[in-house]
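**Q** Protein chains in written order, with full-length UniProt numbering: chain A, 1 to 384; chain B, 1 to 384; chain C, 1 to 384; chain D, 1 to 384.
Just so you know, these hints were derived from the structure itself, not from any lab.
Built from N, CA and C at the ideal position, the CB exists for glycine as well.
Treat the hints with caution; some may be incorrect.
[As the list claims (entries may be wrong)] Restraint ranges, calculated between C-beta atoms of paired labels, are given here:
1) B:Gly92 to A:Thr158: 33 to 41 Å
2) C:Pro55 to B:Pro283: 57 to 65 Å
3) B:Cys74 to D:Ala259: 47 to 55 Å
4) A:Ser60 to B:Ser199: 53 to 61 Å
5) B:Pro51 to A:Pro251: 34 to 42 Å
6) B:Gly92 to C:Thr71: 53 to 61 Å
[As the list claims (entries may be wrong)] So, partial list: chain A residues that the calculated Cβ filter (under 8 Å) puts toward chain C:
7) Gly275
8) Gln308
9) Ala365
10) Glu366
4 protein chains.
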Amino acid sequence: MSAEPSPATPSSRHGVWFVGARGSVATTAVAGCAAVAAGLHPPTGMVTETPDFAPCGLPSLSSLVFGGHDTVDCPLPKRAEHLAAGGVLPHGLPSAVHAELVAADREIRPGGPLPGDTGRTQDQWIDVFAADIRDFVRRQDLAGAVVVNVASTEPAPTDGSLPPSSLYAAAALRAGCPYVNFTPSTGLHHPALAPLAESSGLPHAGRDGKTGQTLLRSVLGPMFRQRALAVRAWSGTNLLGGGDGAALADPAAAAAKNAGKERVLADTLGAAPEGEVHIDDVPALGDWKTAWDHIAFDGFLGSRMVLQTIWQGCDSALAAPLVLDLARLAARARQRGLSGPLGELGFYFKDPVGDGPSSLAEQYAELRGFAERLRDTDGRGAGR
Amino acid sequence: MSAEPSPATPSSRHGVWFVGARGSVATTAVAGCAAVAAGLHPPTGMVTETPDFAPCGLPSLSSLVFGGHDTVDCPLPKRAEHLAAGGVLPHGLPSAVHAELVAADREIRPGGPLPGDTGRTQDQWIDVFAADIRDFVRRQDLAGAVVVNVASTEPAPTDGSLPPSSLYAAAALRAGCPYVNFTPSTGLHHPALAPLAESSGLPHAGRDGKTGQTLLRSVLGPMFRQRALAVRAWSGTNLLGGGDGAALADPAAAAAKNAGKERVLADTLGAAPEGEVHIDDVPALGDWKTAWDHIAFDGFLGSRMVLQTIWQGCDSALAAPLVLDLARLAARARQRGLSGPLGELGFYFKDPVGDGPSSLAEQYAELRGFAERLRDTDGRGAGR
Amino acid sequence: MSAEPSPATPSSRHGVWFVGARGSVATTAVAGCAAVAAGLHPPTGMVTETPDFAPCGLPSLSSLVFGGHDTVDCPLPKRAEHLAAGGVLPHGLPSAVHAELVAADREIRPGGPLPGDTGRTQDQWIDVFAADIRDFVRRQDLAGAVVVNVASTEPAPTDGSLPPSSLYAAAALRAGCPYVNFTPSTGLHHPALAPLAESSGLPHAGRDGKTGQTLLRSVLGPMFRQRALAVRAWSGTNLLGGGDGAALADPAAAAAKNAGKERVLADTLGAAPEGEVHIDDVPALGDWKTAWDHIAFDGFLGSRMVLQTIWQGCDSALAAPLVLDLARLAARARQRGLSGPLGELGFYFKDPVGDGPSSLAEQYAELRGFAERLRDTDGRGAGR
Amino acid sequence: MSAEPSPATPSSRHGVWFVGARGSVATTAVAGCAAVAAGLHPPTGMVTETPDFAPCGLPSLSSLVFGGHDTVDCPLPKRAEHLAAGGVLPHGLPSAVHAELVAADREIRPGGPLPGDTGRTQDQWIDVFAADIRDFVRRQDLAGAVVVNVASTEPAPTDGSLPPSSLYAAAALRAGCPYVNFTPSTGLHHPALAPLAESSGLPHAGRDGKTGQTLLRSVLGPMFRQRALAVRAWSGTNLLGGGDGAALADPAAAAAKNAGKERVLADTLGAAPEGEVHIDDVPALGDWKTAWDHIAFDGFLGSRMVLQTIWQGCDSALAAPLVLDLARLAARARQRGLSGPLGELGFYFKDPVGDGPSSLAEQYAELRGFAERLRDTDGRGAGR
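Bound-form chain A, shown alone (with noise of 0.2 Å):
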């Protein structure tokens, strides 16, 4: 891998701003990102390079350039092997990239504010993120960037304030960037921010990224209705280690997460099911999760019957590509003038903004109506 600057025109480079840009999932969107524009991988799991996307004039992921916030201090480098030696990326990697996890960790800047933290007003966090941002696409040169909270999932909030992922939110509209809500936090779903979110006139997209217990739900909700079966009980546990597990065996932070996965289920299936969602903090599994799902249902005659799923995957390698399609998608929006809500990417969500499908199928066919839009209608494209 070099280090080169890319041979892409200063203009033609895009930003991507984690918030969280530390964690798992950034430092593997960074690293994944690079290695498959070296072409060490194939782009597996991404949705935005198969041949259905070629024609939408997505920025090309060796035009994208990485930065964002965070509260810890690991350097990227360092994040990276510690997921290597995890199994999370492939040996060999963090130094096959080191050069892009080092230009992205100086983009870094620090997050905030940490519980108790009294220092500054709200308005001045937004203000000190909001010109974290802007200083990024200046001092790269970029054609703008995306805001991505990929950080751990904060509490629900209990008072009227603005939680921290909504002070990042409110930063991106305000630093002019589209934003995306990869995570359960509030981010732009706080009240207070729907005047900003309408005035801005800036595309945004979320919440919570279906990567797992989720994403099957939205393809077996709906074919146990198109087969007329009658679901009855629909229970499931998971069990993750990582910060994400401690985050979410918080009962506040998982009643969040929980709302929407269970939305998919009444949506699909018509109505809400019994059953329940656990969701353990299991540190011996490090960045693996494991979900099991229980499906009672009756068949013809009131035969019963029952489906179980168990689904064994790596969070941050099923998260980073879709973060990485969401990133692309969104700077495109931008680019094409579309604002507000951007509810065809739904199939990328567990409680999509809007009002689309929650089955998988529809969703898919909104993003391949959503990759239409996106095209340049004078046939000029945008070069990858």
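Following the hints, position chains B, C and D against chain A.
**A** Below, chains B, C and D alone, put in the same frame as chain A:
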């Protein structure tokens, strides 16, 4: 339940002629049709009872009249008692629909030929079977009949002669009836029957009902492809008792069934992955089947992930509502003048006729389009 | 089945007094005892009917006479019909053993106290219960009776007062009867009852029958330890309907149960691994339960491995034969003059009294040793 | 890691001669022995490193010297790198124990005969192999050597001639070495070798290491029997890549392996249940294997219940510590003058020599008894 004549006028009554009329699926279909028509059970599992199909002019459940061929003697009411003892039918149902079982039993004629049976030529068998069907239609004063193969899977034919399933299929056409093959047996797929199928002007559909593992595969395969995840190996084991388990433990019979299963994967994934499918005869399971699938797939940067599914269902209860759906759809297709392979019924089959999609979502869209085609365009509809 | 008096002489008849006598477990035990005694079913699940126990002088199944306390009214024959409708009892069994169900139903007395019930002091309740039991023994002319708690799990007590399960336990001792606690409720484990338990000279056993997930854990835990494999995390989810599901969905009740489950792991593995246990109330499952366990363990050189188990069983059918075993063993222990905690019955319990082993294999060896102790040493035996 | 001579005196060094010395199991054993001896990893999975075995006088890990036969050329250090790339060995381990891998590699001699190889008679092959082993012992100045077969499973022999595994076994005896067969291949089980085995006065053990599905069966089978539950059908599917997957996909090789698996069930349950075992070659899984078991059993009154297990492990990491255990135990047995089949090692095998128990708990008890027998009775012990 009453055994009184249906209030339907004779010309609005429709025949369903089962090949394998004393088997579990046929018995469940006859008993279940009566139970649902009488309001004893909701129509769980019957897609044709969902609102989208209300305006299609399908024959009502209470207008269906059953008969068929079989090579065994066990009377339907007794067969139904066996199924209730095994938990396939609800207790009490066989007595609640006794009259309907007796009525169907009276319309069952001897099937054939058994191995080594040389008393008739193939053409004579076809003639005898066709006469049985015509007699049924005439005697019951039916608007017509649909022939549905629900017999045990026969071994793949090894010589050029017509296997029994093909004799029945030919008889259906000779008797002027639409033909539906719910099994992997040859049926109308025999090259010697192609001219007859074409010249008959009759609709036909098949083959091999999609009731469990393959149903799942038809939604999971598209999910992996839409998410650009690379399936490396898809392995499966089916455990089933009952007659089907014994029939399919025969490698020759299993070969036909597995071809359908693998076609679904190759079509929906874009290429056939590694992996085998086993079908084990486990008499202890009775009419219940368990299917385990293990799917090894690669995510971003080659991370190794696994999805496993376990499907535990009652084969007859899964099949019977689909069989009723197909009989009604084929009867109506005939009424509307449709002919040839009904490719839009791929939703129901592992190995559908025609070049339709293999993804369940797309098949469901096609099925709804087919429902549109069945509607009366002159606005009178077909009363239910 | 006949309702005639048993040919056994009065003094050889033994009482079994159920706390929770109208529940699923008690009903299944009464019906099943009659069915096995009459030769209608083999004694599957009854360890005391295996050859090792033949020479122990246990009371025969046909010599058992049932009664008990309950706070609900549903007659046993009707309860049995409900269980048959839910698939717990075989169809036809409730009518085949109707006489025995009616006989037991006549011997059920009102339980208590219900929450808020202040009409009697604790001592009065104990007196009333003890009198009920003594009347039963006298009226039926029994050699004695064993009291077995099979009531729904009660919440862990929060103040010093005796919970209902302890009132029944005290009544058992006051009536001179051995006591068996098949539930995680307090029963004799209350410190206030320790002196009574000691001075009574009666044998007692408990607590919390080991019927599914914990049974498995008691063989898998030792396997991991014997193989020197390092269990990192052991996580579990239980789905169950019926009364037990609702009772255990109460976190306070679940806490008692989970303590037993975790003790098994800590004891057999040598240290408690990471991981939680969930108990979900899923009414759609009726009396059936499903337990999923996920065990993450390290092999040689730290390789990460996983074992998962899925146990699908009928709770009452798992419990009832063990309850009959315990009643017989406790009756015989009393007869042989044994007193105090019967630690050798750890085979049956999640959280056994005493310091016995937690591995099922060792518990089974202890149980067989106990069987030896029950034999008449003077060679006369106790006729069966 | 140091490549300096071990401080052990020559006479206390013990040879381990692997048949299949370049395979995954042997490579993992060599690398792992060095890693554990150097304190780089705990001895997870090595039963002989648990406290019960401390006083047995087993050769220490640092005293073991490795060599062997193989028909392939890949150098051990390279093989170890492959295993690390596949996640079988920890990254960094191959370089940490490079010296030990090189040392073992130097002691590997060409194996044979390959199919069609007619250059030597059987007796000549045995002589050559025995000479290789004797040279190893002499050159390394060892106290002795144990021969352990860890080669790929060979097809069951169809004629009377000795298969390769039996030639190696005969060579071991001719060289005066104990022999351990960790595979289902014939080895010493050939009738033509019985006289030699008897007259040699050497101990031997086998066959077919119990590392996954059968290990589970040896604890679950006894559980069902002890609880008097009636197992109706036990079905299993194994998915495995690596060399073993390809070898066992050959039905003839699988037959040998499955015989051992089924013996465990028949022995522990008292009768062989219904059900088949499949072994699929799934190269995508590499050295990882997945075993699914489905156990249909009857409870009280014939209620139908199911236990399913899914075991996901790394074959080499499961096997290697057992192989080291066996080499140490056999070496010590030889030292203590034991000869003939070591039936007390049934803990390690699917199909153990002798008439020992099939339940793991009983096998573990026998193994501990064996450990007792290995102790020096004169109190001097064998230094570690």
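**Q** Each hint should be assessed against the structure and marked as holding or not.
**A** Results for each hint:
{"no.": "1", "hint": "B:Gly92 to A:Thr158: 33 to 41 Å", "verdict": "54 Å, violated"}
{"no.": "2", "hint": "C:Pro55 to B:Pro283: 57 to 65 Å", "verdict": "36 Å, violated"}
{"no.": "3", "hint": "B:Cys74 to D:Ala259: 47 to 55 Å", "verdict": "39 Å, violated"}
{"no.": "4", "hint": "A:Ser60 to B:Ser199: 53 to 61 Å", "verdict": "57 Å, holds"}
{"no.": "5", "hint": "B:Pro51 to A:Pro251: 34 to 42 Å", "verdict": "39 Å, holds"}
{"no.": "6", "hint": "B:Gly92 to C:Thr71: 53 to 61 Å", "verdict": "31 Å, violated"}
{"no.": "7", "hint": "Gly275", "verdict": "6 Å, holds"}
{"no.": "8", "hint": "Gln308", "verdict": "7 Å, holds"}
{"no.": "9", "hint": "Ala365", "verdict": "33 Å, violated"}
{"no.": "10", "hint": "Glu366", "verdict": "33 Å, violated"}
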